[in-house]
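A.B. asks: Sequence:
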Amino acid sequence: MAHMRLKLKADPSTKRQVRLDSTRLKDPQIQETFKCAITNRYNALAPDETTDWERFRSEAFKAAEEAIGKSRPSPKQPWISPETLDIIDRRRDARLRGDLNEYRRLNGARNTSIRQDREKYWTDQATKLEAAAERNDQRQIYRLLRQAKAGPRQRSFLIKDSTGNIISTEADCIHRWKEHFSQLLNHPPVPEDPTLAEEANATDGSNPDCLTAPVTPDEVKAALKKLKNGKAPGICNLTAEMLKAGGDHMIQWLTQIINHVWILEKLPDDWRRGIILPFWKRKGDQLVCSNHRGITLLSIPGKLFTRILLTRAIPAIRSRRRLQQAGFMPNRSTMDHISALRLAIEKAREYRKNRHLYIAFIDLRAAFDTVDHASLWKILRLLGAPQKTINLFRQMYNSAESCVRVNGKESEWFTINSGVRQGCVAAPDLFNCVIDYLMTKVCERVPGVSFGQYNLADLEYADDTTLLADSLEHLRKALTVYDEEAKKLGLSINWGKTELMHIGEGPDPEPLVFNSCTVNFVPSFKYLGSIISKTGDIKPEVNQRRAQAAAVLQSLWKPLWRHRHITQQTKLRIYNSSVIPVLLYGSEAWPLNNTLEARLDGFDSRALRRIAGIRWHEHVSNIELRELTKQPPASRLAAMRRIRWYGHVLRLPPEHPTRAMLDFDPKQAGWRRPRGAPRTRWMDVVGRDLRNLNIPLSQAPQMAENRGRWRGLVNLVGSTHYVQEDE
Numbered sequence: 001m002a003h004m005r006l007k008l009k010a011d012p013s014t015k016r017q018v019r020l021d022s023t024r025l026k027d028p029q030i031q032e033t034f035k036c037a038i039t040n041r042y043n044a045l046a047p048d049e050t051t052d053w054e055r056f057r058s059e060a061f062k063a064a065e066e067a068i069g070k071s072r073p074s075p076k077q078p079w080i081s082p083e084t085l086d087i088i089d090r091r092r093d094a095r096l097r098g099d100l101n102e103y104r105r106l107n108g109a110r111n112t113s114i115r116q117d118r119e120k121y122w123t124d125q126a127t128k129l130e131a132a133a134e135r136n137d138q139r140q141i142y143r144l145l146r147q148a149k150a151g152p153r154q155r156s157f158l159i160k161d162s163t164g165n166i167i168s169t170e171a172d173c174i175h176r177w178k179e180h181f182s183q184l185l186n187h188p189p190v191p192e193d194p195t196l197a198e199e200a201n202a203t204d205g206s207n208p209d210c211l212t213a214p215v216t217p218d219e220v221k222a223a224l225k226k227l228k229n230g231k232a233p234g235i236c237n238l239t240a241e242m243l244k245a246g247g248d249h250m251i252q253w254l255t256q257i258i259n260h261v262w263i264l265e266k267l268p269d270d271w272r273r274g275i276i277l278p279f280w281k282r283k284g285d286q287l288v289c290s291n292h293r294g295i296t297l298l299s300i301p302g303k304l305f306t307r308i309l310l311t312r313a314i315p316a317i318r319s320r321r322r323l324q325q326a327g328f329m330p331n332r333s334t335m336d337h338i339s340a341l342r343l344a345i346e347k348a349r350e351y352r353k354n355r356h357l358y359i360a361f362i363d364l365r366a367a368f369d370t371v372d373h374a375s376l377w378k379i380l381r382l383l384g385a386p387q388k389t390i391n392l393f394r395q396m397y398n399s400a401e402s403c404v405r406v407n408g409k410e411s412e413w414f415t416i417n418s419g420v421r422q423g424c425v426a427a428p429d430l431f432n433c434v435i436d437y438l439m440t441k442v443c444e445r446v447p448g449v450s451f452g453q454y455n456l457a458d459l460e461y462a463d464d465t466t467l468l469a470d471s472l473e474h475l476r477k478a479l480t481v482y483d484e485e486a487k488k489l490g491l492s493i494n495w496g497k498t499e500l501m502h503i504g505e506g507p508d509p510e511p512l513v514f515n516s517c518t519v520n521f522v523p524s525f526k527y528l529g530s531i532i533s534k535t536g537d538i539k540p541e542v543n544q545r546r547a548q549a550a551a552v553l554q555s556l557w558k559p560l561w562r563h564r565h566i567t568q569q570t571k572l573r574i575y576n577s578s579v580i581p582v583l584l585y586g587s588e589a590w591p592l593n594n595t596l597e598a599r600l601d602g603f604d605s606r607a608l609r610r611i612a613g614i615r616w617h618e619h620v621s622n623i624e625l626r627e628l629t630k631q632p633p634a635s636r637l638a639a640m641r642r643i644r645w646y647g648h649v650l651r652l653p654p655e656h657p658t659r660a661m662l663d664f665d666p667k668q669a670g671w672r673r674p675r676g677a678p679r680t681r682w683m684d685v686v687g688r689d690l691r692n693l694n695i696p697l698s699q700a701p702q703m704a705e706n707r708g709r710w711r712g713l714v715n716l717v718g719s720t721h722y723v724q725e726d727e
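Under UniProt numbering, the sequence shown is numbered contiguously, ending at residue 727.
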């Protein structure tokens, strides 16, 4: 029997991307070699060459190439280390030489190394997942899980044109991608809003000297620390790891280049350019361009510069951020608005006699890509951002260019004249400034809903906007006003995806019509990943959570659970930081009863039995299972989250939407409740949790002020000494 290897000839027209293995900079010796190379190159420069971007780009890349070398092709399994790959290469060479003794020895070494690599990989993944779960960062959890379980991403070499016909040639395919993204990222400018222009011109543009002075090395160093490692480089091929490992001379070199740009207010072309990679959204026809998401690779030094600009602008633009905006803000999360909305619906439904609550869940069409640039600069001036910073942001955005890279080939460059840049570190804050201004104008013209002394008209999480009204007429007016004000900023409502909800007695009203589009009233809506029901029922939400957690559990069977060589401790860490956060997402605001808690615990027990390899015929009880895994039931973990969240809400200021909804007493406001026993309220469940801890509900606000003491209560809920009260 013969072994044959065939190597297909590479397409000579495909541009091969030069990649450097930046992870090797973790090696102290390689890092020191790279640092010395940067120092030598910097010291050899003439004084006028230290501000030359092209020279820096070339010299830094050459130094990195010499010190760390090019990266080898990625292995099929992401957890295989370079050391293991080296053993595999030597094992193959021994087999080809016919050296069986060496082959057998290396075969054993390979198996041992693979087991160690797999265990180390999943231990590292567990640490990352635990950090994401602690932040309640669902997006990061799913991203890490996709990396762990997915094989090579499926790529389509074919695409359809705008008329639906399949394109057969590669050149036409590249052109079609360029056409798609050029249309998506370019929208006509809107007419100038006289009110915004007048307000911006009336603003005093003076700023403290510290915000307009040249950039210091300390600022560069602080901005470098905030850059994330492991990100793909942009057009200049320089990574964050390279910039961080270059030492003091790298900092000095970058500072001089940045200050040169700062003074002249002229950015290098590389900092304005982005490479778009289309990725299928895994839903819809893969041959349709609109079913792909474009990920833009930007220059990492350009991101560093943008981070410095943002740091100088943050004191102005975040100081006036509305409490109703929870997106991209420190100490705010999706739970703020999920909790506030559930409490508002719960109280409106219970005290629904002669009262109504109307909610509009607005979907903006390509919101981040359609923001009008001229309006954005005026809003930044209105907020008091330094004029120097505004000028540099304008320079970066007004002359931005992109190309599309598909299968190693790139399209022609095209300009972008609208929206905030995908991948830009300042984009979330810039977008929030626009939404804040929009909602300020809307709230000046619509009444909202009075919850006692507090008036709530809206909730935002980035572009996810929710409007509240106490009558159908007010809801219609709120949507009309929102549409009018949004168009002034380049934004537009996607009426086809906008939905309405009615809480109150009687049937739902007839659908509303806007711009010839029908907007329907729905019984439930998936809001920020959580199902919000007009009845306040959380059973659909619990069922959805169980289904999604089961999907995550199943997806990790092949790469993780079935492997005997991975310790149970590592498996349980992954389970607690991947499956449990999916199962209990949003549970902080759930008014759970015994039936729903039993459903959560049932899923949890089945999952643990599968992970531990316990079969049904072994007759292991749930009590024995808990002792074996040292794992508290899911219902108790939900109680921990609920008590932790309750303490957080008690520490919020009274004007915060979530705190205001918690404090609101419908009886004092004159609201009336119809006959019949009310549903289980969220505070009923919290009160039960506190009684289990022998804490009167009246003492909770004072105790919550002491974070350490409250954290001890949360940990007590998860201990074996916690005894739950029967309903």
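Keep in mind that a hint or two might mislead.
[Unchecked claim] With beta-carbon atoms standing in for the labels, derived distance ranges:
| id | residue 1 | residue 2 | range |
| --- | --- | --- | --- |
| 1 | 508 | 81 | 26 to 32 Å |
| 2 | 319 | 563 | 47 to 53 Å |
| 3 | 691 | 510 | 33 to 39 Å |
| 4 | 440 | 708 | 37 to 43 Å |
| 5 | 494 | 447 | 24 to 30 Å |
| 6 | 353 | 232 | 18 to 24 Å |
| 7 | 440 | 119 | 52 to 58 Å |
| 8 | 447 | 496 | 25 to 31 Å |
| 9 | 269 | 108 | 30 to 36 Å |
| 10 | 108 | 625 | 53 to 59 Å |
| 11 | 83 | 295 | 49 to 55 Å |
| 12 | 107 | 295 | 28 to 34 Å |
| 13 | 100 | 65 | 55 to 61 Å |
Please keep in mind that the hints were generated in silico from the structure rather than gathered at the bench.
Fair warning: this is a prediction, and the values are worked out from it, not measured in the lab.
Even glycine gets a Cβ: it sits at the ideal position worked out from N, Cα and C.
A.B. asks: Determine for every hint whether it applies to the structure shown.
C.D. replies: Comparing the hints with the structure gives:
{"no.": "1", "hint": "508 - 81: 26 to 32 Å", "in the structure": "59 Å, violated"}
{"no.": "2", "hint": "319 - 563: 47 to 53 Å", "in the structure": "51 Å, holds"}
{"no.": "3", "hint": "691 - 510: 33 to 39 Å", "in the structure": "46 Å, violated"}
{"no.": "4", "hint": "440 - 708: 37 to 43 Å", "in the structure": "38 Å, holds"}
{"no.": "5", "hint": "494 - 447: 24 to 30 Å", "in the structure": "25 Å, holds"}
{"no.": "6", "hint": "353 - 232: 18 to 24 Å", "in the structure": "58 Å, violated"}
{"no.": "7", "hint": "440 - 119: 52 to 58 Å", "in the structure": "53 Å, holds"}
{"no.": "8", "hint": "447 - 496: 25 to 31 Å", "in the structure": "27 Å, holds"}
{"no.": "9", "hint": "269 - 108: 30 to 36 Å", "in the structure": "54 Å, violated"}
{"no.": "10", "hint": "108 - 625: 53 to 59 Å", "in the structure": "36 Å, violated"}
{"no.": "11", "hint": "83 - 295: 49 to 55 Å", "in the structure": "31 Å, violated"}
{"no.": "12", "hint": "107 - 295: 28 to 34 Å", "in the structure": "40 Å, violated"}
{"no.": "13", "hint": "100 - 65: 55 to 61 Å", "in the structure": "39 Å, violated"}
In this structure, the earlier hints numbered 1, 3, 6, 9, 10, 11, 12, 13 are contradicted, and the remaining ones agree with it.
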